[in-house]
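Number of protein chains: 2
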Amino acid sequence: MENFIHSIPTKVYFGKGQISHLDEALRQYGTKVLLVYGGGSIKKTGLYDEIMKILSEGGFTVTELAGVEPNPRIESVEKGVRLCRENGIEVVLAVGGGSTIDCSKAICSGYYYEGDDLWYMVKNVPGPKKSLPLVDILTISATGSDFDGGGVITNLKTHEKLGAFFTHPSVSILDPSYTFTVSKYQTAAGSADIMSHTMECYFSSPGDSGLTEGLSETILKTVIRYTPVALKTPDDYTARANLMHAESIACSGILAYGKKYSGWPCHAMEHELSAYYDITHGVGLAILTPRWMRFVLRNDPSTEWRFVRFAKNVWGIEGEDDHGLALKGIDALEDFFRSCGIPMSLSELGIGTEHFADMAAHADVGGRLTNAWVPLTKEDVEEIFRDCL
Amino acid sequence: MENFIHSIPTKVYFGKGQISHLDEALRQYGTKVLLVYGGGSIKKTGLYDEIMKILSEGGFTVTELAGVEPNPRIESVEKGVRLCRENGIEVVLAVGGGSTIDCSKAICSGYYYEGDDLWYMVKNVPGPKKSLPLVDILTISATGSDFDGGGVITNLKTHEKLGAFFTHPSVSILDPSYTFTVSKYQTAAGSADIMSHTMECYFSSPGDSGLTEGLSETILKTVIRYTPVALKTPDDYTARANLMHAESIACSGILAYGKKYSGWPCHAMEHELSAYYDITHGVGLAILTPRWMRFVLRNDPSTEWRFVRFAKNVWGIEGEDDHGLALKGIDALEDFFRSCGIPMSLSELGIGTEHFADMAAHADVGGRLTNAWVPLTKEDVEEIFRDCL
Numbered sequence: 001m002e003n004f005i006h007s008i009p010t011k012v013y014f015g016k017g018q019i020s021h022l023d024e025a026l027r028q029y030g031t032k033v034l035l036v037y038g039g040g041s042i043k044k045t046g047l048y049d050e051i052m053k054i055l056s057e058g059g060f061t062v063t064e065l066a067g068v069e070p071n072p073r074i075e076s077v078e079k080g081v082r083l084c085r086e087n088g089i090e091v092v093l094a095v096g097g098g099s100t101i102d103c104s105k106a107i108c109s110g111y112y113y114e115g116d117d118l119w120y121m122v123k124n125v126p127g128p129k130k131s132l133p134l135v136d137i138l139t140i141s142a143t144g145s146d147f148d149g150g151g152v153i154t155n156l157k158t159h160e161k162l163g164a165f166f167t168h169p170s171v172s173i174l175d176p177s178y179t180f181t182v183s184k185y186q187t188a189a190g191s192a193d194i195m196s197h198t199m200e201c202y203f204s205s206p207g208d209s210g211l212t213e214g215l216s217e218t219i220l221k222t223v224i225r226y227t228p229v230a231l232k233t234p235d236d237y238t239a240r241a242n243l244m245h246a247e248s249i250a251c252s253g254i255l256a257y258g259k260k261y262s263g264w265p266c267h268a269m270e271h272e273l274s275a276y277y278d279i280t281h282g283v284g285l286a287i288l289t290p291r292w293m294r295f296v297l298r299n300d301p302s303t304e305w306r307f308v309r310f311a312k313n314v315w316g317i318e319g320e321d322d323h324g325l326a327l328k329g330i331d332a333l334e335d336f337f338r339s340c341g342i343p344m345s346l347s348e349l350g351i352g353t354e355h356f357a358d359m360a361a362h363a364d365v366g367g368r369l370t371n372a373w374v375p376l377t378k379e380d381v382e383e384i385f386r387d388c389l
Numbered sequence: 001m002e003n004f005i006h007s008i009p010t011k012v013y014f015g016k017g018q019i020s021h022l023d024e025a026l027r028q029y030g031t032k033v034l035l036v037y038g039g040g041s042i043k044k045t046g047l048y049d050e051i052m053k054i055l056s057e058g059g060f061t062v063t064e065l066a067g068v069e070p071n072p073r074i075e076s077v078e079k080g081v082r083l084c085r086e087n088g089i090e091v092v093l094a095v096g097g098g099s100t101i102d103c104s105k106a107i108c109s110g111y112y113y114e115g116d117d118l119w120y121m122v123k124n125v126p127g128p129k130k131s132l133p134l135v136d137i138l139t140i141s142a143t144g145s146d147f148d149g150g151g152v153i154t155n156l157k158t159h160e161k162l163g164a165f166f167t168h169p170s171v172s173i174l175d176p177s178y179t180f181t182v183s184k185y186q187t188a189a190g191s192a193d194i195m196s197h198t199m200e201c202y203f204s205s206p207g208d209s210g211l212t213e214g215l216s217e218t219i220l221k222t223v224i225r226y227t228p229v230a231l232k233t234p235d236d237y238t239a240r241a242n243l244m245h246a247e248s249i250a251c252s253g254i255l256a257y258g259k260k261y262s263g264w265p266c267h268a269m270e271h272e273l274s275a276y277y278d279i280t281h282g283v284g285l286a287i288l289t290p291r292w293m294r295f296v297l298r299n300d301p302s303t304e305w306r307f308v309r310f311a312k313n314v315w316g317i318e319g320e321d322d323h324g325l326a327l328k329g330i331d332a333l334e335d336f337f338r339s340c341g342i343p344m345s346l347s348e349l350g351i352g353t354e355h356f357a358d359m360a361a362h363a364d365v366g367g368r369l370t371n372a373w374v375p376l377t378k379e380d381v382e383e384i385f386r387d388c389l
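Chains as they are written, first to last, in the numbering used here: chain A, 1 to 389; chain B, 1 to 389.
Hints are computed from structural coordinates only; laboratory data are not their basis. Note that the Cβ used here is the ideal one computed from N, Cα and C, for glycine as well. All the pointers check out, no bait thrown in.
Calculated cross-link-like contacts (lysine-lysine; reagent style DSSO-like; alpha-carbon spacing at most 27 Å):
no., chain 1, residue 1, chain 2, residue 2
1, A, Lys260, B, Lys11
2, B, Lys123, B, Lys161
3, A, Lys232, A, Lys184
4, B, Lys11, A, Lys130
5, B, Lys312, A, Lys221
A few chain A positions that, by computed beta-carbon distances, are all more than 10 Å from chain B:
no., residue
6, Leu83
7, Glu160
8, Ala332
9, Ser345
One-sided and incomplete, this derived list gives chain A residues near chain B with beta-carbon spacing under 10 Å:
no., residue
10, Gly210
11, Thr212
12, Thr218
With the hints as constraints, model all of the structure from the sequences given.
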């Protein structure tokens, strides 16, 4: 069992109506608020009006940053930092999914960054020492950005999409009923994202952290059980609540406690797919993961025990033949994603082989593939991409 | 699924050699330290010398409060607060188990308490607003006081033993190797304590929080797997690490997320046993829990599904007959405690029926029995005590 450090200062209000805590959550830091959101779905659902009513009644001064992109860009971060400085912002309120919260985290850290180049901060400053406080209201169960300190920011000029540590939210309001309106496609992609975060930790060494291993299996079983319910009955509170509870833990680092860093190889490969084709992150992960698993299993037979455990403990598959079990577990994962309506091949998304070599050559950002649980070369990555066609 | 609030600001350094972070953990708050410990076992193991070397080399000024009792008394809290005030203490360092950490939490809160009567604070002040920062080094896996904000303080003059919320530790150093020297008896009692914390949450309504339910089962299975290993091979790092990881979560509140308050009835009944007979808390819990379970099952058949789940998911018992399964799960728990060397009856501890009526009459402190998952009357409590003979 490896050493670890646990440090998650975020206070979470989880459940129906927890927006009643919004006023006190913001007020402890001040009354000048930057409200950050994305494409405007919160205006359609009425959440925007509900928030503005609370802020207005509370006497808060609100500056808005709307239109944060699904893959948030450095220009949005720059704009947010400028708005904070010009308006003496005391606290940032992010309302949306991972992109909006990621962008807001970078804004909070960027506010105190003394250099001129915020992209330099994203690339080179590990864990800024000081950040503006961030409060968020989550509207989709997927990334776990509400309970971790990291964010992914894109620079279209340099063709880079990079993850960095900024700051943990101070307060996260997680009301599962806000996800009732999430589409079937985005619900399925979100669940694939949650499962991917979990599996990126689960498939690593060693295997002697009983609590971590069991918690990972519990999260996977929870998502497998409740995603079909949410797809069939979008306003099933129990299903949406279980998915939201799962997403908050899956990316928090807790599933890596006692284990070695796994490299998160599927994420590294998916970032290339998203960067070249702008596909939905969770869909890219769903397509890649079973193919990555089969590649690992056939190239490193010493990993078989882990896939056997996955088949038994996550999917409840029984049998005597370990290799057969291992393969059946991977098949079960692929079948599950397909049953959720996720297109499970790159060709279904209109993606061919044309950029595979370039994407494979770029994928090893920060040594995430060479230092992975089972290290991957660029030839390996190309092979996995081809398996996804 | 019920609403919940997650708020655990404690930073945990988990693993071998994490004492290397002690200097920085303290120094962020100051250099004037109150060192709190118990009966002196840390002097026998060498941990005291290791700590004093770090504090001396770091130029810290150390005031000592030694001899904190296994059931920490209000007089120790009063003495600690006096020492802090007289010596301008900036941070409290607790080294030991739950009793030492509980006492230290009350000292940290008591420091800022403006009244004269610290027992009044324990009884009547819910969550003091301000506390001195607390750093702890854990030496036994049992109470989880390193990762929660509560403490239990005893007042011998008024014959009261009360739990209260004081403050979360700011930093906890959890090095499993410090538990290598814990005796077999205390190791077993500690595991019973961890399991009891978990079961007090698990046996409550509703049952639709997938993550919480699964995490509870994982903790129970982890303790069941690794306690016998630690008893047989006290310096087995993996076993000690798994027990320590489990104890930190079991009492943190995380296992109650999404569930109704259960009342923690076994704890309420055990506090009476400890108060009258000064027995080891974990041993009292181990004796009470299976008897409480059988009482609940025979008096409220609607609870059967939960005991069936316990038998299947925790103990791996299969079968068609639900009632038989439920009973077998409870038997498995009792057999497990016995196999760990815990005396599993009150008569083995020399306890007879003489105080049962009085103990039963006092047990419902704060409505913990009348508001329990399955409410208990004082007659019920007497019956459970008699079943423990």
